[in-house]
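Each chain, written out:
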Amino acid sequence: MSGITAYGAYIPRGRLSKQAIAEANSWFDASLKSLGRGERAICNWDEDSITMAVEAANNCLCSKPDIDLSSLYLASTTFPFLDRQNSVVVSEALNLNKSIRTMDVGGSQRAATSALISLLDSSAEGDSVLIASEHRRSKAGSRAEMLWGDSAAAVLVGKNNVIAECLAIESLAVDFVDHYRGEDANFDYDWEERWIRDEGFMKSVPIVVNKLIESSSVSPEQINHFILPTDQARTPAALAKKLSINPEAVVDNQIAEVGVAGVAQPILLLAKTLENAKPGEHILLIGFGQGCDALLLKATDAISNYKPSVGVSTALASRREELNYNKFLSFNNLVERDIGKRAEIDKQTYLSGYNRRKDLLTSFVGGKCRECGTVQIPREKYCVNPDCNALDSQDPNSFSDKQGTVVTWTADRLTFDWSPPAYFGMVQFDGGGKIMMDFTEVEDGNIDAGSKVSVHFRIRQFDPARGFRKYFWKALIED
Amino acid sequence: MASGIKDKVVILGMGCSKFGERWDASPSDLMVEAFEECIEDAGIEREQIEAAWFGAGIDAFNVGSSAMPLAIALRLNYIPVTKVENMCATGTEAFRGAVYAVASGACDIALALGVEKLKDTGYGGLPQRTRGLENDMYWPNLSAPGAFAQLASGYRAKHKLNKEDLKRAMAHVSVKSHANGVKNPKAHLQREITEDQAVNAPFIAEPIGLYDCCGVSDGSACAIVTTPEIAKSLGKENLISVKALQLAVSNGTESSHDSWDGSHLKTTRIASQRAYDEAGIRKPTEEITMTEVHDCFSITELVTMEDLQLAEEGKGVNDVLDGNFDSDGKTPCQIDGGLKCFGHPIGASGLRMIYENYLQLNGKAEARQLDSPKMGLNHNLGGFPHQNICSISIIGPYN
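Residue numbers (the working numbering), protein chains in the order written: chain Z, 1 to 479; chain D, 1 to 399.
Same shape as in the complex, but just chain D (with noise of 0.2 Å):
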């Protein structure tokens, strides 16, 4: 039985970029600024990295394939890194290269960096994009709003809700976000709304309205990990150490077998269990402080708190609405704004995610800080809900 990757990597240095219409940013300009701030945070020279993993989602409109990139574009000393892409789960699957290189003894040093620059379509929403030649000839031609909005309809009959109410829940979800957006200055959208606004807003795909959708946005986000005997070698303090590092990918069962019903996500639960068994964590509800989940639209966030076991199945409209997730509830979530407001850049929002609970672990989310958080659970979903992957890392102090 392995033992898991509890407290044998700690957190050195984090950055992350303004996310938002970075009309005048290149992918570059972001790494750099995303970099910057990490390298300084680390407290070490950029030679002593020994090995990096770039992720990056949509190559097509971002920096093309290769890991040449980031290379490139941080002037790396020719070590070794890796391109990683595993859609929207991405940045998380970039901080786990590198966790696991620190982990497994073949490095010291690990850089994970993740970028995405959505912004040069020419378009709103998500670039348009193939899914690949066999799903191309029979898939529907969902968008991601289509696609998540399916989560809403399978989830509403399995608990025979009507509509209104699970869209006053999902309308207060956005709410929360964007009241947690304003404190934070780097976030994409940084505007209050009401609940009034969200449920009046014009359908994207029923019954994902505007204020539904998470933001799309440039940006990066980035990490430096190491030992902690090397961290406290650099004279580091409080360390921030990495608890668990899960990672659980559709197989089709969702899709093609009949025992999936549509309203949930099958891999948050799996990855979410063994997240919990790697950290030690019994009662989810009472150790888990914080959350950064991947709303990408209000119904995915609403779901996945139940899938996380902070709410019980069926019972999140409930939860939701008496602020259990706000930020002055019993668990909050999207303390930073979420892909709803500090926005969505793909490649970077799973690092984003660990960013923030890392600053609030530290004590440094300023106008947005929680008081004596603990135990912080990221949560990174890519795909679509009858075919996903999703990635959790939880972080917390180093014992």
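If we strip away everything but chain Z, and leave its shape as in the complex, we get (with noise of 0.2 Å):
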């Protein structure tokens, strides 16, 4: 059985104040107000699943450097595109190679877990990376908009370097209807939490845990670590007594510092876990759903050397606060805002064109002059070095991992943006190569020539006219 190698965190910078949440709708749902305590991580406006995973996938791949990976799965129930493989444009935008086997994953709340089985259980050679990404609506003044949290975490599973080996998995399919969503809704429909947390969690967890128990020879004594992803505040604590497993077992779900993350909650957590496991320790990862997974792993030595290039701890640190529950609502589109007639304009995607320029749009690929070594983005027929000019001589360039440097920028109050005003201004590349482009999550005053910038894959735009988002790279400020 192959183990974890590696693993990443991506959590967005904005966090929701929940006190913002309550003061705006507990005159509704006075019960609201017990729950206004810390904060939720919200998308940015130009955030999704597809983008939050390409982060996620960089923060976990980026202390891998050298791995050439065999396949990506992608797992959500919050799927930008419904018939368009999302986890293809996350392996483009990562630009990995051509030949990787991808998968979407869904349909569950249990979707990463079991698409973490199938890769640990895999005969397959090489390196696999699993990412779970999720941004799940809920209706405004809902339990669920104050418990709920958008973030997405990737673990990459292989044979060599396992930082966290399988000892056993086991799984339990059964139709519990605690929540569902049909094919039109907007929103999830649920049933009384008591009623969940007694016939569900209850009696399914203990069905899988105790069989995994009787497999391996580890005792729930033995476990350090029992990750048990629900927005139920205590049932973790509750379902631990009744295993048998230590209290300080429990690993908290962040519910007031990013909320629980949906599909994405369990390898968050599992990469949050890891962060902290010692070399032998056990970890205890149940995913829940219409049945459950579970899975047990122990830390290996090889642990103690591996450093993520951001985990969960990194992510949570990288933040903004948010007070304005009406931006919120605005970003999730759960307001019908009057955002001006500039926002019109027809936003057609000729899929001929864009697929012209998907090495630039997608994978943020420029290039580098054979004859002259001018790096240059976008990538055109001749060098743009006015020296050279030389004819289809640039080999492909890759300016997403490229840190650069603010030249000229402005911030537009008269443009349309869905979070005005709107930054943008050129960019100056390390290494050479320059371009215009958008700047995302500005904070005022933060940005002058000179500023240094990385560059992060967002929505462009929308196209609600026929369901269709464009992406490109956008630059971000660097602390």
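None of these hints come from the bench; they were simulated from the model.
Hints are not guaranteed to be accurate.
No farther apart than 20 Å at their CA atoms in a straight line, the calculated lysine to aspartate or glutamate pairs in the EDC-like style are these [unchecked claim]:
no., chain 1, residue 1, chain 2, residue 2
1, D, Lys163, Z, Glu443
2, D, Lys266, Z, Asp387
3, Z, Lys341, D, Glu21
4, D, Lys163, Z, Asp448
5, D, Lys364, D, Glu36
6, D, Lys163, Z, Asp444
7, D, Lys158, D, Asp261
8, Z, Lys341, D, Asp120
9, Z, Lys452, D, Asp261
10, Z, Lys347, D, Glu134
11, D, Lys330, D, Glu312
12, D, Lys8, D, Glu237
13, Z, Lys64, Z, Asp301
14, D, Lys160, Z, Asp448
15, D, Lys158, Z, Asp430
A quick note: this is a predicted structure, and the numbers were derived from the prediction, not measured.
Each of the two chains sits in its own frame; use the hints to bring them together as a complex.
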């Protein structure tokens, strides 16, 4: 069996104050006041499950720069596209080899744990990455809005330098409908929380865990980390007690810091656990949804030498407090906002033209001239160096991992933007090449010529008339 | 080596409509308004026009494609008419077509007319429009002020200026143009403003505020050109001739090559040097007596004065604040109010600039007439600082 060899996390920087949610909604549902502590992670308007997946995968793969992936799985119940493989978009944004095997896994809150089991249990050679990414919509003023958060996480699965080996796996398939989302629905529909706890968690989880204990030689007391993804605050401890697992082993669901991130939650909590796990410690990971998955993992000696590029603690620390609940509603299309006539221009994507430019648009690949060495983006037929202008002389040159410097910028309040003002300007990349591009998540006063930037795959534009969205790379000011 | 355009073609007549929010006027109405003034000034009949060049910038909100709207509006007699479009440099481009046609000998008398109808969009500012299939896929969704605000940031970084000093100079640029606009009955904006008003106005695209932006106007301007010989034979005296007509178009160097720092307009430097060479001008600060430059935004005018060699690089702020380009300064700029106050109907603007210098050289600029102007430079810029079209025309008394 393969094991986990690396991990990474991505939590959107935006953290909405739960007090702001409570203040806006407790006039209707007073019980929200008691939940109004801490904050939840929220996608910026230009983030979705695809863009977060790219970030999480990058944050995972950065620690293994020489890896040649044989497969990429993307787990989510909030894929931006229902019929267009989202994992392929992610793969191209990561500029991975084209012979990679990709798959979208969804349909249940345990999609990520099921995908992880499938990868760990596979006899295939090579390394695989599992990314779980979730951007769940919830109705304004709902408990879900308070309890959920947007996030992504990724784990690398392979046979070399394993940091957590898999000792045993169990699954249970039961159509227990705690909640569901039908074909045409925008939101989940759920049943009473106490019933879900008593008839769902408390009955299903012991079935798989007890089997796992039986099939391995690990006793409940030996479990050091118990991961039960749920937005029910007390259920993990209650289950631990029922299973004779130490209460200290229960991994916190980060409801007051991030919110429960749906399909991404088990992988995010696994990444968080691996960050602190010591060699020899046991991790019990549960996935719950129409039955459950259970994985028993053991940290190896190699974990002491592993340093994640961006783990949960780093991702958590990179934050920006958001106090404006209206902005959250607007970003998630929960309110019909007057966005002005400038937004009315048709946003059609010409797919054939898009296809020709995919190297630039999705992979952020420019060129390097073989004749004069000039690095440039976009890559055109003639080299841009006025002293060269050679024809067809450029090798592909990736810009997605480059750092750059702001040369020019502005904050445009006239043009349409989902979060005005629109920041954009000229970026000069280290090692050559420059382009005018959007800046995302700029905080007022935090940009000037000379500011350092990194680049990130983000939504550029929505085409609501046709259900399409365009992605491109944007610059983010480095603190 | 080509001999250039100097003194080969003269302006027979010019006309310009009132610019502004012309809610009651269609593009055809505006064209006719400019044309009627022009043909009366030229003193010829419509049938004597042998060819025409028609400039219109934004098809979707204007007259649509092709040259037909001009031919139909003016009932031209089935002569060749060519539609030209080169963004905000469109007006000068129409003029260039007509001047080159006459210079080539292909025709004796040619017409250039530009028109733009910008106020049929339902909102303020320039119309939101496509940048073309390719650019729409990855360019920022930049507005015009957003495009040129970047020039301010690049200029400020290059010359290590603080925000306040640059903003104060930008304000002076606009205050000067507003003062000039008051004296122009055809101007869109005819109201004085103060520096404090300009400095304190809300940002449109930082650091560009409301008063750093030119008017978004409807309007039309028109010229009829011919050879000096024909003009004389028609009884014209004190001829105004074309001294230079140059165009420089970005080839992607500014936008994609590391050599450009975002602080200046490369095309303006190239086109103006070519124009000075063509006109035989060696000391622009001594020989150019007035300018109409593309002040789409105050920062554009300030940087342009340096690129035209009328201010030393990096010293534009001082020259502006010293009043060098005010109506009583060394080289008056935008004596008619400029794009800022006369207004900026895109396809007409290049011709409107030439119109003002033509009036000045003829002594017909009334309340804003300068003392004995000699050589007028017009600078028309289309596009964005990192990708643009610069056209320069210089006109003066025919020798």
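Evaluation of the provided hints:
no.	hint	verdict
1	D/Lys163 to Z/Glu443	18 Å, holds
2	D/Lys266 to Z/Asp387	16 Å, holds
3	Z/Lys341 to D/Glu21	19 Å, holds
4	D/Lys163 to Z/Asp448	11 Å, holds
5	D/Lys364 to D/Glu36	17 Å, holds
6	D/Lys163 to Z/Asp444	15 Å, holds
7	D/Lys158 to D/Asp261	8 Å, holds
8	Z/Lys341 to D/Asp120	13 Å, holds
9	Z/Lys452 to D/Asp261	16 Å, holds
10	Z/Lys347 to D/Glu134	13 Å, holds
11	D/Lys330 to D/Glu312	14 Å, holds
12	D/Lys8 to D/Glu237	16 Å, holds
13	Z/Lys64 to Z/Asp301	18 Å, holds
14	D/Lys160 to Z/Asp448	12 Å, holds
15	D/Lys158 to Z/Asp430	19 Å, holds
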